[in-house]
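Peer 1: What follows is the residue order along each chain.
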Amino acid sequence: DTGVSQDPRHKITKRGQNVTFRCDPISEHNRLYWYRQTLGQGPEFLTYFQNEAQLEKSRLLSDRFSAERPKGSFSTLEIQRTEQGDSAMYLCASSPPDGYGYTFGSGTRLTVV
Amino acid sequence: QKEVEQNSGPLSVPEGAIASLNCTYSDRVSQSFFWYRQYSGKSPELIMSIYSNGDKEDGRFTAQLNKASQYVSLLIRDSQPSDSATYLCAVNDNYGQNFVFGPGTRLSVLP
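Top to bottom, those sequences are chains A and B. Sequential numbering of the first sequence, starting at 1, is according to this note's numbering. Sequential numbering of the second sequence, starting at 1001, is according to this note's numbering.
This is chain B alone, in the form it adopts within the complex:
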């Protein structure tokens, strides 16, 4: 049974701070990793994808992957109130065509 774990939160950070979101996964053959943002009542939207160990930056977002530790994280710099949402970690193993999602971490950015 493949599992993806995240702290459910809520994670509260002040506006302008760095928000750090963490995710661990159980299946060592996992190859592709994704972060989705989901506003309340809305569908998930893709923020970042990462496939190789190390860091990947896109604007205020940085994804970090450590396959040896089976750990992936998302850093949000200069957090804004509009970043308040649930962040979902998703993992794909290249063999299956579906994603396994974590339960999500609820982020609250306080003005």
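Isolated chain A, as found in the complex:
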């Protein structure tokens, strides 16, 4: 296993369009997290899965955002009706059952024009 994989690496979309990102965690990690990072800021927590269950969602995750992890393996993050303020790096991380020592993926950089 080569680590946490995210796809695509970059996405440019027009305002109002929908986008979907994918994250493949490390295979033995049952916990998966999504973060958003804007320039000059630390990552901000969006949501967390343990296996297929979405256990926690941040207030940052508006109604336009939805995340799934249908089989407890890969996860998708969808943003509907994108806005310019959604432009950011979207980071996925996974961790083993003890929850410590996140491993981040390379991220998906979203630009909304």
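Simulated from the structure, these hints should not be mistaken for lab results. The reader is advised that the hints may include incorrect statements.
[What the hints assert, rightly or not] As a list, the in silico DMTMM-like pairs of lysine to aspartate or glutamate whose alpha-carbon atoms are at most 20 Å apart:
{"hint": "1", "chain 1": "A", "residue 1": "11", "chain 2": "A", "residue 2": "24"}
{"hint": "2", "chain 1": "B", "residue 1": "1002", "chain 2": "A", "residue 2": "44"}
{"hint": "3", "chain 1": "A", "residue 1": "14", "chain 2": "A", "residue 2": "78"}
{"hint": "4", "chain 1": "B", "residue 1": "1042", "chain 2": "A", "residue 2": "24"}
{"hint": "5", "chain 1": "B", "residue 1": "1002", "chain 2": "A", "residue 2": "56"}
{"hint": "6", "chain 1": "B", "residue 1": "1042", "chain 2": "A", "residue 2": "7"}
[To be verified] On the chain A side, residues computed to face chain B include the following (Cβ under 7 Å):
{"hint": "7", "residue": "41"}
{"hint": "8", "residue": "42"}
{"hint": "9", "residue": "43"}
{"hint": "10", "residue": "45"}
{"hint": "11", "residue": "48"}
{"hint": "12", "residue": "91"}
{"hint": "13", "residue": "104"}
{"hint": "14", "residue": "106"}
{"hint": "15", "residue": "107"}
For glycine and all other residues, C-beta sits at the position ideal for the given N, C-alpha and C.
Position chain B against the provided structure of chain A, taking the given hints into account.
Peer 2: Below, chain B without anything else, positioned relative to chain A:
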């Protein structure tokens, strides 16, 4: 609202010097503390974790934790130009499963 604060920098040190990075946190129940390094355009990578008061050393890196003062620091000895990056402090309270990150301190090691 849990908060993690760091000086944004940039912190500039000459090659071979000790770089000292500081972090304070607001939530007294915080139990786990982490330092991540992030190169420009890359994702964060874990450098150190610390859970108990005192010092923890790993190679050129030393993490220091003082829960009474709600303060955690990272010392980098014999700084190298390759250490130039943003250093993120992250805090976990054992109750939540997510981390709260600080804004990061940008370190520049001058050759």
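Peer 1: Each hint should be assessed against the structure and marked as holding or not.
Peer 2: Hints and how they fare:
1. For the hint linking residue 11(A) to residue 24(A), the alpha-carbon distance of about 17 Å falls within 20 Å, and the restraint holds.
2. As the CA atoms of residue 1002(B) and residue 44(A) are separated by approximately 12 Å, the hinted pair is consistent with the 20 Å bound.
3. Restraint check for residue 14(A) and residue 78(A): satisfied, since their Cα atoms lie roughly 15 Å apart, inside the 20 Å limit.
4. With a CA separation close to 17 Å, the supplied pair residue 1042(B) and residue 24(A) stays within the 20 Å bound.
5. A distance of roughly 16 Å separates the Cα atoms of residue 1002(B) and residue 56(A); the hinted pair therefore holds under the 20 Å criterion.
6. Of the pairs offered as hints, the one joining residue 1042(B) and residue 7(A) holds, with about 14 Å between alpha carbons and a cut-off of 20 Å not exceeded.
7. A hinted interface residue such as residue 41(A) counts as satisfied when its beta carbon comes closer than 7 Å to some beta carbon of chain B; here the least separation is about 5 Å, so the hint holds.
8. Annotation: residue 42(A) was flagged as interfacial toward chain B, and the flag holds, the nearest CB pair being 3 Å apart, inside 7 Å.
9. Hint on residue 43(A) holds. Least Cβ distance to chain B is approximately 5 Å, under the 7 Å limit.
10. The interface hint given for residue 45(A) holds, since its Cβ lies 4 Å from the closest Cβ of chain B, which is under the 7 Å cut-off.
11. At about 5 Å, the closest approach between the beta carbon of residue 48(A) and any beta carbon in chain B falls short of 7 Å, and the interface hint on this residue holds.
12. Hint status for residue 91(A) relative to chain B: holds, with the closest Cβ pair at about 6 Å, below 7 Å.
13. This hint holds: residue 104(A) has a C-beta 4 Å from the nearest C-beta of chain B, less than the 7 Å allowed.
14. Hint status for residue 106(A): holds, given a least beta-carbon distance of 5 Å to chain B, under 7 Å.
15. Checking residue 107(A) against chain B: minimum C-beta separation of about 5 Å stays under 7 Å; hint holds.
Checked against the numbered hints above, the structure breaks none of them.
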